[in-house]
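Chains L and P, in that order, give the protein sequences.
Using numbering that gives the first Met the number 0, read the first sequence as starting at 0 and increasing by one per residue.
Using numbering that gives the first Met the number 0, read the second sequence as starting at 0 and increasing by one per residue.
Calculated from the structure, these hints are not laboratory results.
Any given hint could turn out to be false.
[To be verified] Think about it this way: if two alpha-carbon atoms lie no more than 27 Å apart in a straight line, the pair counts; the simulated DSS-like pairs of lysine-lysine are:
| hint | chain 1 | residue 1 | chain 2 | residue 2 |
| --- | --- | --- | --- | --- |
| 1 | P | 128 | P | 117 |
| 2 | L | 97 | L | 82 |
| 3 | L | 97 | P | 9 |
| 4 | L | 187 | P | 61 |
| 5 | P | 61 | P | 73 |
| 6 | P | 124 | L | 90 |
| 7 | L | 187 | P | 128 |
| 8 | P | 165 | P | 133 |
| 9 | P | 70 | L | 82 |
| 10 | L | 240 | P | 25 |
| 11 | P | 73 | L | 90 |
| 12 | L | 187 | P | 70 |
| 13 | P | 57 | L | 187 |
| 14 | P | 73 | L | 187 |
| 15 | P | 4 | P | 201 |
| 16 | P | 124 | L | 240 |
| 17 | P | 201 | L | 90 |
| 18 | L | 187 | P | 151 |
| 19 | P | 128 | L | 33 |
| 20 | L | 90 | P | 61 |
| 21 | L | 33 | P | 70 |
| 22 | P | 73 | L | 82 |
| 23 | L | 90 | P | 175 |
| 24 | P | 137 | L | 33 |
| 25 | L | 187 | P | 9 |
| 26 | L | 240 | P | 128 |
| 27 | P | 133 | L | 240 |
| 28 | P | 137 | P | 175 |
| 29 | L | 122 | L | 187 |
| 30 | L | 90 | P | 70 |
| 31 | P | 175 | L | 187 |
[Stated by the list, open to error] Residues of chain P placed beyond 10 Å of chain L at every Cβ, according to the derived structure:
| hint | residue |
| --- | --- |
| 32 | 20 |
| 33 | 21 |
| 34 | 73 |
| 35 | 84 |
| 36 | 93 |
| 37 | 132 |
Note that this is a predicted model, so its numbers are computed, not measured.
Positions of the beta carbon are idealized from the N, C-alpha and C atoms, including for glycine.
Residue strings, one per chain:
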Amino acid sequence: MFVEIIDVIISGMINGSVYALMAVGLTLIYGVSKAFNFAYGSFYSMGGYLAWMIFSVAVINSYFIIFILSIPVLLVLGYLIEKVLVAPLRKRDDWEIKVMMITLGLALLLDNSYQVLFGARMKSLPSILEGSLEIGEFILAYQDIVIFILSIGGILLFRWFLNNTRTGMSVRAVAQNPAGAQIVGIPKEFVFSATFAISTVMVGTGGILLAQKYFVTPTGGWDILVKAWVITAFGGMGSIKGSLYAAFILGMLEAFVGWYFGMTWVLIALFAVLLTTLAIRPQGLMGKWG
Amino acid sequence: MLEIKNVTKKFGELTAVNNLSFTVEKGQVFGIAGPNGAGKSTLYNLITGLYPFEGSIKFEGKEIRGFPSHKIAKLGIARTFQIPQTFPSLTVKKSIAIGNYFGSDAEFDPAYVDEILKFVNLYDKQDEKTGQLKLLDKKMLMIAAALGTRPKILMLDEPMAGSNSKEILSLMELIKRINQDMGITIIIIEHFMKVLTELTSKLLIIETGTEICCGDPNDVTSDSRVIECYLGDGHD
Numbered sequence: 000m001f002v003e004i005i006d007v008i009i010s011g012m013i014n015g016s017v018y019a020l021m022a023v024g025l026t027l028i029y030g031v032s033k034a035f036n037f038a039y040g041s042f043y044s045m046g047g048y049l050a051w052m053i054f055s056v057a058v059i060n061s062y063f064i065i066f067i068l069s070i071p072v073l074l075v076l077g078y079l080i081e082k083v084l085v086a087p088l089r090k091r092d093d094w095e096i097k098v099m100m101i102t103l104g105l106a107l108l109l110d111n112s113y114q115v116l117f118g119a120r121m122k123s124l125p126s127i128l129e130g131s132l133e134i135g136e137f138i139l140a141y142q143d144i145v146i147f148i149l150s151i152g153g154i155l156l157f158r159w160f161l162n163n164t165r166t167g168m169s170v171r172a173v174a175q176n177p178a179g180a181q182i183v184g185i186p187k188e189f190v191f192s193a194t195f196a197i198s199t200v201m202v203g204t205g206g207i208l209l210a211q212k213y214f215v216t217p218t219g220g221w222d223i224l225v226k227a228w229v230i231t232a233f234g235g236m237g238s239i240k241g242s243l244y245a246a247f248i249l250g251m252l253e254a255f256v257g258w259y260f261g262m263t264w265v266l267i268a269l270f271a272v273l274l275t276t277l278a279i280r281p282q283g284l285m286g287k288w289g
Numbered sequence: 000m001l002e003i004k005n006v007t008k009k010f011g012e013l014t015a016v017n018n019l020s021f022t023v024e025k026g027q028v029f030g031i032a033g034p035n036g037a038g039k040s041t042l043y044n045l046i047t048g049l050y051p052f053e054g055s056i057k058f059e060g061k062e063i064r065g066f067p068s069h070k071i072a073k074l075g076i077a078r079t080f081q082i083p084q085t086f087p088s089l090t091v092k093k094s095i096a097i098g099n100y101f102g103s104d105a106e107f108d109p110a111y112v113d114e115i116l117k118f119v120n121l122y123d124k125q126d127e128k129t130g131q132l133k134l135l136d137k138k139m140l141m142i143a144a145a146l147g148t149r150p151k152i153l154m155l156d157e158p159m160a161g162s163n164s165k166e167i168l169s170l171m172e173l174i175k176r177i178n179q180d181m182g183i184t185i186i187i188i189e190h191f192m193k194v195l196t197e198l199t200s201k202l203l204i205i206e207t208g209t210e211i212c213c214g215d216p217n218d219v220t221s222d223s224r225v226i227e228c229y230l231g232d233g234h235d
C-alpha cells in the first residue's frame, strides 16, 4: 500500500509538471490578450505528430534532434497562425468572441487534418530513455524522470525569459497594463503574436513529452485543452504562479482519483474541485479581481 | 511642434471631439481645461494613436494620423493617465527601464534611468514593486516612465487629481523642472485653474469636444463664455 501511494504521488508530480508547462502557456495567452484559445489542445497534438514524423518518416530517433527541429517549427507556426487568423480580428468589435470562434474552427480543421494525414489510429513514440531506477521496492522509470526534468526546465527557462529578456519584460508589461505598455513604446501587436507563438511551443513540447506515455491521436488535444483550462481557472485566470500550484494540485488529484476510483472519474473529480473552489473563491487560487 | 487641425472623433452618435484645431509650440507649457466629458482625455487618446479620427495631427511637421501608439511614443510623444497606470509586479527601476528600452530609438542607457529616478525623487524606492507605492509616488513613477522614453512632448492628464496642496506644489515644481531643465514641451489637462495660470503660457478651454476659447491663461479665465460654461462665478 505504502509503495503504491508513493508511486501515485510520483505519477501526480510528473503529470503535474507537464500540465504546469502547458497551463502556463495558456495562462500566458489569456494574461496578455484576455482571449480564449480553443485550438490550444490541437497544438498539443501538433507537437506529438511533429515528433512522430521526425521519428518515423525522417527516421531520427534522437529526442534531442526531435526537440531541436520541432521547437522552431512550433514557434513559426504559432506566430503565423496568430498573425494571419487572430491579429486581423483584434481590430473589430467584440474581438474576443471572434477569436474564440476562429480558434474553435482552427481546432476542428487541425484535428480533421491530422485524421486525414495520419489516420485515426494512435501513433506511438519510443521512450526518451529506457530502463528504470530501482530503490528498494520503488521503481521509477528514467522516462518519467526525464519528462519531469524537461518540464520543470521548460518552466524555469520561461521564467528566466520573462524576467531577463527585453521581449519577456514587454510581455509582462502588456499583461499588466496594455494601454500603459503601448504608451511607453511597446509594440503590443508583436507581443500578442510572440506570446501566442511561445505558448504554442509550450503546449507542443508537452505533446512531445507525453506522446511517449499516452500515444498521439487526432482528437487527443481536447482532453489537454479541458485540463489546461481547469488548471488555469483553478489557479486564477492570468496568474502564472497560480497555474503552477494548480497544475501540481490537480496532477496529484488526478493520480489519486485514477488509482483509487479509476480513470473515468478523473475529469469528474477535476470539475468537482474546480466548481467548489470557484464557488468559494471565484477568482481562483491566486487570481485577482479587475 | 504639434499641430492639431480639424480633428473630429465620433463614437456612434456622440461627437467626443468636434473639429478641433490648435498648435503647441516647442518649449511651451500648454494647458487644456473643460468640464468633465468635454473630450480632453479623448484628445490625448487621438494624439497617441489609441483611436482613429478624422482630421490631421502633425508632429514636427510629420503627419502621425494612423501611426500605432508605440511608433508615436518613439517619435517623442509621451503621456500620463488620470489614474496612475503602472506595472504592478515590476520594480520602480524596471518600469522606467521599460520606457527607455522601448520608447526611444536611442540605445538603452542605465545611467539615464538612474538620472530619471533621481529627478523624480524615486531613487531610494527603485527596488520597490510599483503596486506597493503610494498615490503620489505612483504619479511620479508614471511621469518618470514617460520621461524614460526621452520624449520631446509630455502630455499630462490631470496630474493633480486627488492630491493635497503640498503634493500639488511638488508636482508643479516637477513639471516646471521637466519643462525648463529638460527642455521638454508640456501639454497639461487640469481642473485647478491656479495650476494652469501659474504653469501654462497658453490655455485651451473645450466643451463637448468644441473649442470655447484659446489664448493667454489670464485672458481665458476672465472670458465670459469660459466663466459661463466651465468656471462659474466666484471661481478661484
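Tell me the numbers of any earlier hints that the structure contravenes, in ascending order. 6, 10, 17, 23, 29, 31, 34, 35, 36
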